[in-house]
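2 protein chains.
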Amino acid sequence: MAKEKNVEQITDMEVDFAQWFTDVCTKAELVDYSGVKGLFILRPYGYAIWENIQNYLDRRFKELGHENVSMPMLIPESLLQREKDHVEGFAPECAWVTMGGSEELPERLCVRPTSETLFCDHWSHVVHSWRDLPMKYNQWCSVLRWEKTTRPFLRGREFLWQEGHTLHATAEEAIEETEQMLQVYADCYEQLLAMPVVEGVKTEKEKFAGAERTYCVECMMHDHKGLQAATSHYFGDGFTRAFNIAFSDKNNQLTYPHQTSWGFTTRSIGGIIMTHGDNNGLVLPPNIAPIQVIVLPIAAHKPGVTEKAQELVSRLKAAGIRVKGDFSDNSPGWKFANWEMKGVPLRIEIGPKDMENNQCVAVRRDNREKTYVFLDELEARIPALLETVQQGLYDKAKANLDSHTFPAFSLEEARELQEKNGGFIKTMWCGSLECEMKMKEQAGMTSRCIPFEQEHLGDTCPICGRAAKKMIYWGVAY
Amino acid sequence: MAKEKNVEQITDMEVDFAQWFTDVCTKAELVDYSGVKGLFILRPYGYAIWENIQNYLDRRFKELGHENVSMPMLIPESLLQREKDHVEGFAPECAWVTMGGSEELPERLCVRPTSETLFCDHWSHVVHSWRDLPMKYNQWCSVLRWEKTTRPFLRGREFLWQEGHTLHATAEEAIEETEQMLQVYADCYEQLLAMPVVEGVKTEKEKFAGAERTYCVECMMHDHKGLQAATSHYFGDGFTRAFNIAFSDKNNQLTYPHQTSWGFTTRSIGGIIMTHGDNNGLVLPPNIAPIQVIVLPIAAHKPGVTEKAQELVSRLKAAGIRVKGDFSDNSPGWKFANWEMKGVPLRIEIGPKDMENNQCVAVRRDNREKTYVFLDELEARIPALLETVQQGLYDKAKANLDSHTFPAFSLEEARELQEKNGGFIKTMWCGSLECEMKMKEQAGMTSRCIPFEQEHLGDTCPICGRAAKKMIYWGVAY
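Here the protein sequences line up with chains B and Y, keeping their order.
Mind the numbering: the first sequence is residues 1 to 478 in my numbering, read in order.
Mind the numbering: the second sequence is residues 1 to 478 in my numbering, read in order.
Do not rely on the hints blindly, as some may be mistaken.
The list treats identical chains as interchangeable, and a pair is accepted whether it falls inside one copy or across any two copies.
[What the hints assert, rightly or not] Think about it this way: if two alpha-carbon atoms lie no more than 25 Å apart in a straight line, the pair counts; the simulated SDA-like pairs of lysine to any residue are: (1) Lys250 with Asp132; (2) Lys62 with Trp161; (3) Lys353 with Arg415; (4) Lys136 with Asn55; (5) Lys62 with Asp32.
It is worth saying that the hints were derived from the structure and are not from the lab.
Since the model is a prediction, treat every value here as computed from it, not as a measurement.
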């Protein structure tokens, strides 16, 4: 048996982006495949990234007054059918429990694909008066959607997420909530994951089944495809009427409350990979990395090296950094490759020569830049270096987004730009489904969003020539 | 519409213990019923208790080197069948997914009742060498077991839990892990939930399906029934052989690793209710209470009262206490009843007269004892009072356990003691299934555990008269 496991080569992203992505997922030990297609195992390193996202979002949610709950995982078919648009959207991809023990169930139960119907059923029991509002709930769980094609993180039949569900006395308050939670998602992407976002509204065609309005954050990947990164929905009172959730307002009038929901999934980890990764593997932004710094002793058999490396680990840990030392007997070459594959933002090397000079070497994962750090300055310099890496990753991703967002003034130009460069194509739009379908059929692009930040590119829709209502982003998306 | 919601009366526990329990679950707003029998909604207040348990256990697990992962929620039938004892134990209570979208699945999938088979399948992919061991994994999730009779917390078709799964190079190491995790559970019950435990080993009959040995902590409830509070299992290499998880040991020999699993569920919240609750509702130990102190302004319309109450809230929050002020316009009487129902350990009242005397009144939930606290001493006295409450609850529960644990020297005496007093009956035991069945049939008691702390009550088994091997605890359990 070999002393070291191989850190195997991965496919270059320029050769086969999809294969590169899958290679990173498995070789960085983020996921494993299970015996059921589309159901993935999140291994410790992958799950630790999700835990860091959870910690950030959970804190933000609670600061804004949301409370966590746990809803059942099964939905009776009759309950799912209560709101017509919703069931039409989700029924085709439901997984159905039909047997309990050896008995056939009287009514089949769907494993939740999302939980609007469960929250509404519960609220119909407990909401009576304006005093009971708002209800601001969240749950962390997994959901099932029986997709045909599946890929780790990007499209699973099961995925982990949080789903926020809230109920408000007025439409204004509900819309404010919807927009506020979108902003929390945008902050999470930009501040934690170093992924710049485009914020906007989905078209009627692309909105969530049953929603009045769907807000989204969209990101751009390395290969210039788009990723719908998170969504936030305003439902009006459609569900609350269907579920008969009426409350007495302050004037003692029976009123239907207004509802929102919003979700953030493990798909975000796929986004991290495709935004920052390279041909040596994963590249993690320091703010999300389970291990921010890996300390490697060089010539560890020389007197004092291991002890010194251990001292650095202790000092960095005490300084609040997520740090690990690799004291295994694997070769330095193997260690370099392994921790590069795992995307650890900063590698610290320390050997006898460094010790003589009272310094260590810090190597950035993202660009392999070396910095000599005096040991006396360790606690000041390393956090600063991590910040530099975080900002550097964001800037690089932002440059990719900006340099691959193109205005177009005809359908033909849009098609050509997409074919040649990929990316987001921005055009004016009349707002019709017809033109949206035409863009899909003739240029292969779906609408990504109607961005909040509007530009006036002209007066007419370049697809039909009628008066334009808004500027819209188009793209090819995961 | 009434200005206040009623804090409704609950059934006295002496009248109907089961109804009292259900009343507390719903009136303290811990749970709601869903549209599917046995699937319960954990409302914010109930879930917050679970989050506090999670925080404690997750920290302990990680300190001991465990890593969190996420396994799929569905198990192919063929995978579940791989270990014979295991499938026999669980198949009768599995819920089966048979349809995905509109198509019948080629193989039906069981919603996980527990995940040994999934962990083993994964390990068979990734464990190759002694360098890969130990594997110390945990996951937080919910599982389904299609039980016939169901009750909130105590027996749900779905319940929340953590399941730890570990793999070790040797039997000794695995057994040490099994015992260590049992100790973590015992600590959680005793230190956090103020519930004294009996630690021991399950009999062959009562052990987990597929395990070689099952350890458990058993608690005693108010009504002197037992509660199996948590379990920890040692599997030997039964599963690893069945799943062909072989590794090369340091001598380059192919060897099967030894396995453990251990679980702690939301059933523990049922235990808190039935250990500490009273006829006014829930009583929460301060260490687990989502709200440790509720501050109520008395005569809140008088100048300065509300402001002073708010100041106390701020000061206690700053002192690290989970505190809330009730500034609603409900009457003081309603507020007293409401926060008693919710089991908040300490109520602080402050009114104009208290302000004149530079004091407030602290009232314990558990015994309604009043203490006048000088405001200058607030940050010192309140934490000390909370500690007193925590200890008081533990002592009371311990007295209940001790005073309802009886030695018996014949089957008849055991039956009579159980009938008259309930509680745990301890006897010597020969170790045979036959005597265990006899105790069940003739005295209505199951074996609870063979406690670690053995006493020598005699030389023979009082059921059959043969030589005794161990002292065992019997009881009627939830």
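Structure-based check of each hint:
Within a single copy, Lys250 and Asp132 get their C-alpha atoms as close as 12 Å, which meets the 25 Å cut-off; across copies the closest is 64 Å, which misses it. For the identical chains of this complex, Lys62 and Trp161 are neighbours both inside a copy (16 Å) and across copies (22 Å), given an alpha-carbon limit of 25 Å. Taking the closest pair of Cα atoms, Lys353 and Arg415 never come within 25 Å of each other, the shortest separation being 58 Å inside a single copy and 78 Å across copies. With identical chains, the CA atoms of Lys136 and Asn55 are at most 25 Å apart both within one copy (18 Å) and between copies (22 Å).
Proximity of Lys62 to Asp32 under the C-alpha cut-off of 25 Å is restricted to the inter-copy arrangement: shortest distance 22 Å between copies versus 32 Å within a copy.
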